Every structure is written in C-alpha cells, then in structure tokens.
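Undergrad: Under the UniProt record's numbering, the sequence shown has 88 at position 88, and the numbering climbs by one with no breaks.
Note that these hints are calculated values from the structure, not bench results. Do not rely on the hints blindly, as some may be mistaken.
Dumping the calculated DSS-like pairs for lysine-lysine here, alpha-carbon to alpha-carbon at most 27 Å [to be verified]: (1) Lys22 with Lys105; (2) Lys57 with Lys22; (3) Lys105 with Lys57.
Bear in mind the structure is a predicted one, so any value in this text is a computation, not a measurement.
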Amino acid sequence: MADSIRVLIVDDEERFRDTLAKLLSRHGFTVRTAGGGNEALALLTEAPCDVIVLDVKMPGLSGQQALPLLRAACPEAEVLILTGHASVDIASAMIAGGAADYLLKPCPTDELEGAIRAVYDRRQATRPR
1 MADSIRVLIV DDEERFRDTL AKLLSRHGFT VRTAGGGNEA LALLTEAPCD VIVLDVKMPG
61 LSGQQALPLL RAACPEAEVL ILTGHASVDI ASAMIAGGAA DYLLKPCPTD ELEGAIRAVY
121 DRRQATRPR
C-alpha cells in the first residue's frame, strides 16, 4: 500500500479543525493540525507534509500572510485554501502566491478529499524521480 498523504490543517476554529482531522484520518490521511500560521510553521520544522489545508481569516498571521512563509518552510507541500470568506480578489492573490486551489466552507468531505488527492497526485507527477 502507498504511503499515507500527510496533511496539515491550519484553521483557528478548533472544533472545525478537530472534526476535519478525524474525518480525513478515517479516509487514510495522516493529519496534524495547527491553530494558526505560527503554529503551522513550528510544526513544519519538526516534519514536512504533503498538503496544507489553510484558512484565510485567522488572528495573528492571516492565511494570506502565512502562505509565502509556509511555502518557504515546506516547498514540497501543496497548499489548498479552505475558507468561509469568499473573495475573488483574495482567491486570485493566493493562487498567484502559490496556492493550488481555493475551496469554500462548508465543503463536503469527499470534495476536499478529492482536492487533496488531486493536488498531491499532480505534485507527485511533476517531481523528479
């Protein structure tokens, strides 16, 4: 069996973060969580991940501020934006800044799972062997 996809969920809403982590774990992902950008950066110094699921509106470092720092800390990871605050301008800026996709909450688990697998597979296909 292939290795589990390592996912880091970065969201300031603890209940949402914990529920999503449980759901994704049940679907075979290895999941860690962070309550904000600084905590995520600390976790990435301990171990890399394959996909980062990043909220936009958070206290401290916003998702938009955290994105380039997370990409620098773990350049091999793909970043999916998952937010309840729709904004075409922010979505465009974050995609231009290196995010792979932008999803809106509430997002069905199967849709998020498919997006995680798609960006992971796309990254794996472009990695040198």
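Undergrad: If a hint holds in the structure, say so; if it doesn't, say that too.
TA: Each hint, compared with the structure:
no.	hint	result
1	Lys22 with Lys105	holds (17 Å)
2	Lys57 with Lys22	holds (22 Å)
3	Lys105 with Lys57	holds (12 Å)
When the structure is compared with the earlier hints, no violation turns up for any of them.
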